[in-house]
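K.L.:
Here is how the chains run, residue by residue.
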Amino acid sequence: MATTTLPTGPIEPTVSAAASRFGGLRRIVSAIREARGVPKFMLWTGAAISALFVITAVFAPLIAPYSFDTYRSGGHNFPKQGSPDGTHWFGTTVQSLDVLSRTIYGARTALEVMVLAVIFSLILGVLLGLLAGYFGGWLDRILVLVMDALFAFPYLLLAIVAGFVFSGISGGGVVTAALSITVVYIPQYFRVVRASALSAREATFVEAARAMGAKPSVVIRKYLFGNVIQSVPVITTMNAADAIGTLAGLGFLGLGIQPTEAAEWGYDLDRAIDDVNAGMWWTCLYPGLAMVIAILGFTLLGEGLNDVLNPTMRRRRISKVLLPAHTRRRTVTAPALPDVPEGEAAK
Amino acid sequence: MSNTSKQSGSLRRYILTRIALAVPMVLILLILVFVMMRVAPGDPISASQGGKLNAAELAARRKAAGFDAPLLQQFWDYLKSVVTLNFGTTFSDRRSVREIIIENGGATLTLTAGALVFATVIGIPVGLLAGRYRDRPVDVVSRLASTVSYAAPVFVTAPLLMLAFGSTSGQASPLIQLNVPTQTHILIVDAALDGDWDAVTDILQHLLLPSVALGLLIVGVFIRMIRINLIQSLQGDYIEAARARGVRERHVVARHGFRNALVPVVTVLGLQVAMLLGGAVLTEKIFNWPGIGRQLIDYINQRDYVAVQGIVTVFALVVVVISLLIDFVNALIDPRVRY
Numbered sequence: 001m002a003t004t005t006l007p008t009g010p011i012e013p014t015v016s017a018a019a020s021r022f023g024g025l026r027r028i029v030s031a032i033r034e035a036r037g038v039p040k041f042m043l044w045t046g047a048a049i050s051a052l053f054v055i056t057a058v059f060a061p062l063i064a065p066y067s068f069d070t071y072r073s074g075g076h077n078f079p080k081q082g083s084p085d086g087t088h089w090f091g092t093t094v095q096s097l098d099v100l101s102r103t104i105y106g107a108r109t110a111l112e113v114m115v116l117a118v119i120f121s122l123i124l125g126v127l128l129g130l131l132a133g134y135f136g137g138w139l140d141r142i143l144v145l146v147m148d149a150l151f152a153f154p155y156l157l158l159a160i161v162a163g164f165v166f167s168g169i170s171g172g173g174v175v176t177a178a179l180s181i182t183v184v185y186i187p188q189y190f191r192v193v194r195a196s197a198l199s200a201r202e203a204t205f206v207e208a209a210r211a212m213g214a215k216p217s218v219v220i221r222k223y224l225f226g227n228v229i230q231s232v233p234v235i236t237t238m239n240a241a242d243a244i245g246t247l248a249g250l251g252f253l254g255l256g257i258q259p260t261e262a263a264e265w266g267y268d269l270d271r272a273i274d275d276v277n278a279g280m281w282w283t284c285l286y287p288g289l290a291m292v293i294a295i296l297g298f299t300l301l302g303e304g305l306n307d308v309l310n311p312t313m314r315r316r317r318i319s320k321v322l323l324p325a326h327t328r329r330r331t332v333t334a335p336a337l338p339d340v341p342e343g344e345a346a347k
Numbered sequence: 001m002s003n004t005s006k007q008s009g010s011l012r013r014y015i016l017t018r019i020a021l022a023v024p025m026v027l028i029l030l031i032l033v034f035v036m037m038r039v040a041p042g043d044p045i046s047a048s049q050g051g052k053l054n055a056a057e058l059a060a061r062r063k064a065a066g067f068d069a070p071l072l073q074q075f076w077d078y079l080k081s082v083v084t085l086n087f088g089t090t091f092s093d094r095r096s097v098r099e100i101i102i103e104n105g106g107a108t109l110t111l112t113a114g115a116l117v118f119a120t121v122i123g124i125p126v127g128l129l130a131g132r133y134r135d136r137p138v139d140v141v142s143r144l145a146s147t148v149s150y151a152a153p154v155f156v157t158a159p160l161l162m163l164a165f166g167s168t169s170g171q172a173s174p175l176i177q178l179n180v181p182t183q184t185h186i187l188i189v190d191a192a193l194d195g196d197w198d199a200v201t202d203i204l205q206h207l208l209l210p211s212v213a214l215g216l217l218i219v220g221v222f223i224r225m226i227r228i229n230l231i232q233s234l235q236g237d238y239i240e241a242a243r244a245r246g247v248r249e250r251h252v253v254a255r256h257g258f259r260n261a262l263v264p265v266v267t268v269l270g271l272q273v274a275m276l277l278g279g280a281v282l283t284e285k286i287f288n289w290p291g292i293g294r295q296l297i298d299y300i301n302q303r304d305y306v307a308v309q310g311i312v313t314v315f316a317l318v319v320v321v322i323s324l325l326i327d328f329v330n331a332l333i334d335p336r337v338r339y
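From first to last, the protein sequence lines are chains A and B. Throughout the first sequence, residue numbering follows UniProt numbering, covering 1 to 347 in sequence. Throughout the second sequence, residue numbering follows UniProt numbering, covering 1 to 339 in sequence.
Mixed in with the good hints there might be a few duds.
[Claimed, not checked] Taking lysine to any residue pairs in the SDA-like style, the calculated list, with each CA pair at most 20 Å apart, reads:
no., chain 1, residue 1, chain 2, residue 2
1, A, Lys40, B, Thr147
2, A, Lys40, B, Val148
3, A, Lys222, A, Ala209
4, B, Lys80, B, Val35
5, B, Lys80, B, Val23
6, A, Lys40, B, Val140
7, A, Lys80, A, Asp69
8, A, Lys40, B, Ile228
9, A, Lys222, A, Glu207
10, A, Lys40, B, Ala145
11, A, Lys40, B, Val138
12, A, Lys40, B, Val141
13, A, Lys80, A, Asp274
14, A, Lys215, A, Phe205
15, A, Lys222, A, Leu124
16, A, Lys40, A, Pro233
17, B, Lys80, B, Ser96
18, B, Lys80, B, Arg95
19, A, Lys80, A, Gly279
20, B, Lys80, B, Ile31
21, A, Lys40, B, Leu144
22, A, Lys80, A, Met280
23, A, Lys40, B, Arg136
24, A, Lys80, A, Pro65
25, B, Lys80, B, Met25
26, A, Lys222, A, Phe135
27, B, Lys80, B, Glu99
28, A, Lys40, B, Asp135
29, A, Lys40, B, Pro137
30, A, Lys80, A, Ser67
31, A, Lys40, B, Asp139
32, A, Lys40, B, Arg134
33, A, Lys222, A, Ser199
34, B, Lys80, B, Ala69
[As the list claims (entries may be wrong)] Among chain B residues calculated to face chain A with C-beta under 10 Å, some are:
no., residue
35, Val39
36, Arg143
37, Pro153
38, Val154
39, Val273
40, Ala274
These are calculated hints, taken from the structure and not from any lab test. Note that beta-carbon positions come from the ideal geometry of N, C-alpha and C, so glycine has one too.
Bound-form chain A, shown alone (with noise of 0.2 Å):
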């Protein structure tokens, strides 16, 4: 999945000297006010809803009613796969847990993996892309190498080899499956990285910077890594929401958390599958519908940013130029050929 988020491929690096560290960033900032149209509404869009399911995940306890293993309240238990009702809003599982509860819950042990999964593969994607793309040589070569080999790995069959192994050492838990879905992540930033790494070595300033005797660490943070900065949010972005979806395929495969220690969706929607034969609608709808619109947050974030950022997907508006149509009415008037009139032109 994650391979073909970026649909124009690697974003071309712009390189520059960048006044301070996060230069780079800055320009993004500067990108994104200037975003119009469809753009605009998915950058907007997505960050709305990103923004609601970082509140869910942080505030689940105030928010949830009970807590994600609760399944008795008042002296009596609750109802065993109960439809939705006043008390319990979403309907109650096979184990009688609220699934309001557990996909609020939910949100949170996402948002945990989610952002360690991000960490984790973006400090050792950046870090082996930079040291790849600035020294070059054997250890470039190999670790292109082995990049490539996990690159062209399925990507959930890696992450199902990664949990499988993982668990097998350190049991399943919200850093076991980060770890699991890191190993995924780490060849794209590493992609990416290595190619604005390699361009931006060539750039005047790193040579000026080498020629006054820079040392390659001074080079890689102070130069490189705020070129190389700038092709990273949209990869982030992606794979935030990619990293939603595999930690529930693990989940749901059972090489995810274990069902003791946090609410998962993708292990609730697991357990539902017997429900759906069933005939109830409750326990794989919410965990499910919860999941899409956190997926799809992320990602149309992401692609909002790929299409502000990416300068190939940039629509130039002032260039485009358009023949007059081929109308009935241009026969008419025909005598005055090339000459446009302005409306027409800016259409």
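Starting from the known structure of chain A, arrange chain B on it as the hints suggest.
P.N.:
What follows is chain B alone, placed relative to chain A:
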């Protein structure tokens, strides 16, 4: 046309180079799989049989399976099993992975083919429409729809599909007892060869929902790729030239735009195979589809390392081979793709 022989020569060279380049890739993949399976603590035997056997029996089993050998020796054995297309013998039920692939591969093949058909039939027309009428309502709606279909994992769409159409599509009814001779291990083909059309219809009925669920996963990517291809090809100079020649807009779009936009579809198809295989694992679990993916899940639950290693290796090889084939097809279609 005068240099046909030279061209075919360069195509052959391209194919050979491409194959030669794939060899280190495969080797690295194999090393990766091998290393990942050995990272886990303990050995596969104690992991799967730990509680059931005593220490001496465990040691004997370990020795029989070659897990007391040095790592390099083990890797060599693994390589040999891959080259001989045997892929090892499972612990839990002593089947060779090759058997599993042959017996269950047909079901996975049928499922992924169904998903591809669905994605193509829906994806191409919608993608072309969206690209043709860029930023108009049809484009916005199809973009949103494709984003939603991309955002919704199989295990969300599948239960919803089952709830909505489970009773009407015949999904819930059990498969009728099949009595067809096994020839290809692909059930539907076997049934068709046998002339048992009731069975074929029944299988198709059961195939419908899983194919749609799996196809929805990739149809969004299809729509977006084709849309972008069409937009880019409509910006080409030859389009402008055709317009300048006075070709009707309808013809410009249909003949010059659509055709060029559809050429990369082969590549799109190929790129999705990896995703389809991953999605097939989930789909097979949901619908109880007797493919390789469901076998993989079963073996994972039994912590059968050899089986997992073998099946994963096969999946990886399939992806590499398909990406090779795609490159060949591309080189055949487009003479610019050569070394």
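K.L.:
Check the hint pairing lysine 80 of chain B with glutamate 99 of chain B against an upper bound of 20 Å on the C-alpha distance.
P.N.:
holds, 17 Å
K.L.:
Can you confirm whether the C-alpha distance between lysine 80 of chain A and methionine 280 of chain A stays at or below 20 Å?
P.N.:
holds, 12 Å
K.L.:
What's the verdict on lysine 40 of chain A and threonine 147 of chain B, does the C-alpha distance respect the 20 Å limit or exceed it?
P.N.:
holds, 16 Å
K.L.:
Holds or violated: lysine 222 of chain A and glutamate 207 of chain A, Cα atoms, limit 20 Å.
P.N.:
Holds. Lysine 222 of chain A to glutamate 207 of chain A sits at ~13 Å (cutoff 20 Å).
K.L.:
Just to be careful, I want the Cα atoms of lysine 80 of chain B and alanine 69 of chain B compared with a cutoff of 20 Å; is the pair within it?
P.N.:
Holds - the C-alpha atoms of alanine 69 of chain B and lysine 80 of chain B are around 15 Å apart, at most 20 Å.
K.L.:
Check the hint pairing lysine 40 of chain A with valine 140 of chain B against an upper bound of 20 Å on the C-alpha distance.
P.N.:
Holds, at roughly 13 Å.
K.L.:
Sort out whether serine 199 of chain A lies within 20 Å of lysine 222 of chain A, counting only the CA atoms.
P.N.:
holds, 16 Å
K.L.:
Just to be careful, I want the Cα atoms of lysine 222 of chain A and phenylalanine 135 of chain A compared with a cutoff of 20 Å; is the pair within it?
P.N.:
Holds, at about 16 Å.
K.L.:
Please verify whether lysine 215 of chain A and phenylalanine 205 of chain A have alpha carbons no more than 20 Å apart.
P.N.:
holds, 14 Å
K.L.:
Take the C-alpha atoms of lysine 80 of chain A and aspartate 69 of chain A, compute the straight-line distance between them, and say whether it is at most 20 Å.
P.N.:
holds, 14 Å
K.L.:
If you draw a straight line from the CA of lysine 40 of chain A to the CA of valine 148 of chain B, is it 20 Å or shorter?
P.N.:
Holds, at about 18 Å.
K.L.:
Does the structure keep lysine 80 of chain B and valine 35 of chain B at a Cα separation of 20 Å or less?
P.N.:
Given pair lysine 80 of chain B, valine 35 of chain B holds - Cα atoms ~16 Å apart, limit 20 Å.
When held up to the earlier numbered hints, the structure conflicts with none and fits them all.
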